[in-house]
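Peer 1: Chain by chain, the residues run as shown.
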Amino acid sequence: MSQLQVKVASIQDVSAGVRHFTLVDAHGGELPAFSGGSHIVVTMPAPGRTYRNAYSLLSSPEDRAHYEIAVHRQPQSRGGSIYMHEEVKVGSVLDISYPVNLFALSRVAKHHLLIAGGIGITPFMAQIHDLERLGGDYSLHYGFRSREHAAFADALKGRVSQRAVCYDESLGQRMDFDALLRAQPLGTHVYACGPQGMVEALVSTARALGWPEHHIHSEQFLAPPVGEPFTLKLSKSELEITVQGDMSMLEALEAAGVDAPSLCRGGACGRCELEVLGTDGELQHHDHYLSDADKASGRKIMPCVSRAKCGYLELNL
Amino acid sequence: MSLAFKQETFRDDYTFRNSPEAIRRFPFPFPEDQYMYSVNIEPHTAGPKGAVTEFTLDVDEHYVAECRDKAITLEQDPGRCASLPHMMDAEWDFLEFTMESLARDYPEQFSLSKNGKAWTWINRPLGIEQSFVFGDAATLPMGPFEYMGRQVQGDFVLLDQREDTLFADAGIVTSQADWSLAFNVGMSWNEWHGPVPQVTKLGVMDRALKFLMSLQQANPVRRLNWTMTINPRLDTSPENYPLWGGDRNKVNEQNAGELAHLRVELQTLFRMPRSNAIVFSIRCYLISMQEMATYPRWAKRFHRVLRDLHPDLVEYKGITKYQQAVVAWLSRFDDGADIGTGTQPE
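As you go down the protein sequences, you meet chains C and R in turn.
Take any residue in the first sequence, note its place counting from 1, add 64, and you have its number in this note's numbering.
Take any residue in the second sequence, note its place counting from 1, add 16, and you have its number in this note's numbering.
Some hints here could point you the wrong way.
Said to hold, decoys possible - If we take Cβ atoms under 10 angstroms as the criterion, some of the chain C residues that face chain R in the derived model are:
#, residue
1, Gln69
2, Ser102
3, Asn165
4, Arg171
5, His175
6, Leu198
7, Cys230
8, Glu277
Said to hold, decoys possible - In the DSSO-like style, the derived pairs of lysine-lysine whose C-alpha atoms are separated by at most 30 angstroms in a straight line are:
#, chain 1, residue 1, chain 2, residue 2
9, R, Lys130, C, Lys71
10, R, Lys130, R, Lys65
11, C, Lys71, R, Lys133
12, R, Lys226, R, Lys133
13, R, Lys226, C, Lys359
Source of the hints: derived by calculation from the structure; they are not laboratory data.
None of the values given here were measured: they were computed from a predicted structure.
Glycine is no exception: its CB is placed at the ideal position from the N, C-alpha and C atoms.
With the sequences and hints as input, model every part of the structure.
Peer 2: Below, the structure is given as structure tokens:
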């Protein structure tokens with residue numbers, strides 16, 4: 065896959081635990097345009113292992129001079145967000161993927177209802193540039209724990225105060241999904257990005273109200289959970305690889321030099337799907353891609369975020 | 017690279033011919049004696065010098081004549097270019113993509129200069145110079161998609177990605193192998209692949225769709241497809257069937273070398289940046305049996321492929337009426353020798 069090389073032009077702490085990075089092309093050229101909702105995968109060459117995390121682009125998609133991302137320091141980080149916070153400085157050079165959009169605005173929607181929780185505001189920051197440019201009809205609802213966690217509330221206030229509603233949980237302000245969804249005109253698409261509980265509540269409320277499945281959009285990038293070590297047996301390449309407890313299967317495959325495809329690395333896109341041939345334990349699915357039936361079949365697994373509680377797992381790879 | 021553009025026609029008197037150089041670079045699609053439908057997608061990386069895959073978009077000796085033929089078809093039937101209203105970002109993506117590719121790969125023929133959003137495009141083979149404002153359709157003589165679609169060989173479909181599938185929501189289609197843009201525009205992936213035989217049960221189309229949905233910017237892919245056409249005609253559309261359908265009854269063992277053409281489509285797919293749409297390019301290459309037979313290895317190979325083709329595919333590709341005549345014409349080149357695998361001419 066083609067990669068881009070970028071240099072960190074500036075770093076700002078925008079709210080509690082959230083660091084904002086401005087990236088420019090390392091060779092002084094233009095960066096590719098993108099569509100609002102896109103993310104990039106940043107490669108972080110830590111000593112002994114390489115992390116690759118997806119971050120939404122929050123800058124204007126038309127701005128070819130800069131990309132901007134915001135990284136929330138995850139309390140239970142395996143190392144990716146800590147690396148971004150501690151190791152990456154102004155002037156650091158990073159390899160990133162081309163922008164990929166798994167959270168695109170529907171271009172046939174009559175109205176866009178954007179629901180952001182915490183750091184989940186980032187893809188919407190870019191999308192509202194597109195909506196403003198295209199004259200799209202939208203409203204944005206942005207919830208955060210308290211003022212010091214409201215990374216982009218002030219920026220929004222200046223730009224689109226007519227269309228943005230902020231909810232400060234510390235003041236007891238909460239979104240009422242049921243009321244909000246009921247009030248939408250026909251042809252509305254809803255988009256949710258934020259903590260898992262919020263996204264799941266929104267999606268299930270919309271389904272219960274009979275919203276068409278294709279009008280409900282959500283994005284969550286999962287970090288691979290920590291588990292117990294196990295052994296991968298690869299039937300085609302006849303290799304045995306140990307997956308350490310704090311490593312994903314995909315990372316273990318890559319570290320062993322196995323050519324395994326991947327894209328979002330967060331359980332959303334489906335690109336890394338592998339066929340399971342057997343195991344002496346049980347699969348632990350964490351992705352948002354496979355259907356419940358696929359997960360129950362025990363024949364498929366997404367190695368970017370899922371793992372197994374077992375001695376060995378045999379893959380058709 | 018210098019290109020000598022030929023004066024030739026793809027209708028009426030059919031003066032289209034390939035030069036020896038064009039024959040040599042023909043994208044012959046059969047690596048084996050047996051053909052079965054497959055998705056055969058590979059990365060669209062730069063091929064060897066002179067190959068049809070050397071550059072992002074291939075411009076060859078037929079460029080000027082093909083653009084002229086496309087203009088005739090569009091004049092007779094403006095419905096061959098269609099674009100739904102939500103595709104305007106994709107239209108500008110397409111314009112930028114084609115202009116930048118051509119200017120970069122063929123600097124003697126094309127140039128693009130930008131001053132902010134004020135752009136100037138020069139197409140020397142077609143004698144065009146156009147200044148316009150990127151993003152402002154009123155500064156072009158027609159929509160950005162049609163404007164550049166007329167200046168590139170081949171057909172183009174713009175695919176919008178939504179609802180877990182791809183919709184063919186814009187197209188400029190003047191050299192199609194018997195399918196209709198007016199019929200297909202707005203259709204989803206499964207709707208327009210419904211008629212392909214032997215594939216749904218294999219799950220081939222579902223896998224191809226999943227692959228294309230994760231197509232990335234700067235990582236385009238390609239595949240070859242093929243059919244046959246009588247006379248070197250680009251516009252074999254269902255709308256104009258009365259103009260070409262009857263020619264299929266005129267083929268016999270004596271004239272098959274001249275009349276029958278292998279029609280190869282180089283299909284390429286590119287992810288666009290602003291719209292997240294996919295550009296699906298279908299570039300048609302024609303070669304008569306006579307021209308093909310200047311390389312006996314190709315004639316032997318195609319003889320075997322055509323002779324043993326699955327009856328469902330013979331029917332789907334519309335070659336039932338003249339299959340036997342072409343097989344008979346080609347049989348003189350086939351001594352039955354093992355020619356190994358690979359698509360090379362010699």
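Peer 1: Next, verify each hint and record whether it holds.
Peer 2: Hints and how they fare:
1. Of the supplied interface hints, the one on C:Gln69 is violated, with its beta-carbon coming no nearer than about 13 angstroms to a beta-carbon of chain R, more than 10 angstroms.
2. The criterion of a C-beta within 10 angstroms of any C-beta in chain R is met by C:Ser102, whose closest approach is roughly 8 angstroms, and the hint holds.
3. Nearest Cβ of chain R to the Cβ of C:Asn165: about 5 angstroms, under the 10 angstroms cut. The hint holds.
4. Using the Cβ-Cβ criterion of 10 angstroms, the hint placing C:Arg171 at the interface with chain R is satisfied: the shortest such distance is roughly 4 angstroms.
5. With a cut of 10 angstroms, the hint placing C:His175 at the interface with chain R is violated, because the nearest CB-to-CB distance is about 14 angstroms.
6. The restraint placing C:Leu198 at the interface with chain R holds, with a minimum CB-CB distance near 7 angstroms, inside the 10 angstroms limit.
7. Hint on C:Cys230 is violated. Least Cβ distance to chain R is approximately 28 angstroms, over the 10 angstroms limit.
8. Interface restraint check: C:Glu277 against chain R, minimum CB-CB distance 9 angstroms, threshold 10 angstroms, status holds.
9. Taking the CA atoms of R:Lys130 and C:Lys71, the gap is about 25 angstroms. The hint holds against a cut of 30 angstroms.
10. Distance restraint check for R:Lys130 and R:Lys65: the Cα-Cα separation of roughly 29 angstroms lies within the 30 angstroms cut-off, and the hinted pair is therefore satisfied.
11. Our distance criterion of 30 angstroms between C-alpha atoms is met by C:Lys71 and R:Lys133, whose separation comes to about 26 angstroms.
12. Restraint check for R:Lys226 and R:Lys133: the C-alpha separation of about 36 angstroms exceeds 30 angstroms, so the hint is violated.
13. Between R:Lys226 and C:Lys359 the alpha-carbon distance is near 18 angstroms, which keeps this suggested pair within the 30 angstroms criterion.
The structure does not agree with the numbered hints 1, 5, 7 and 12 stated previously, though it agrees with the rest.
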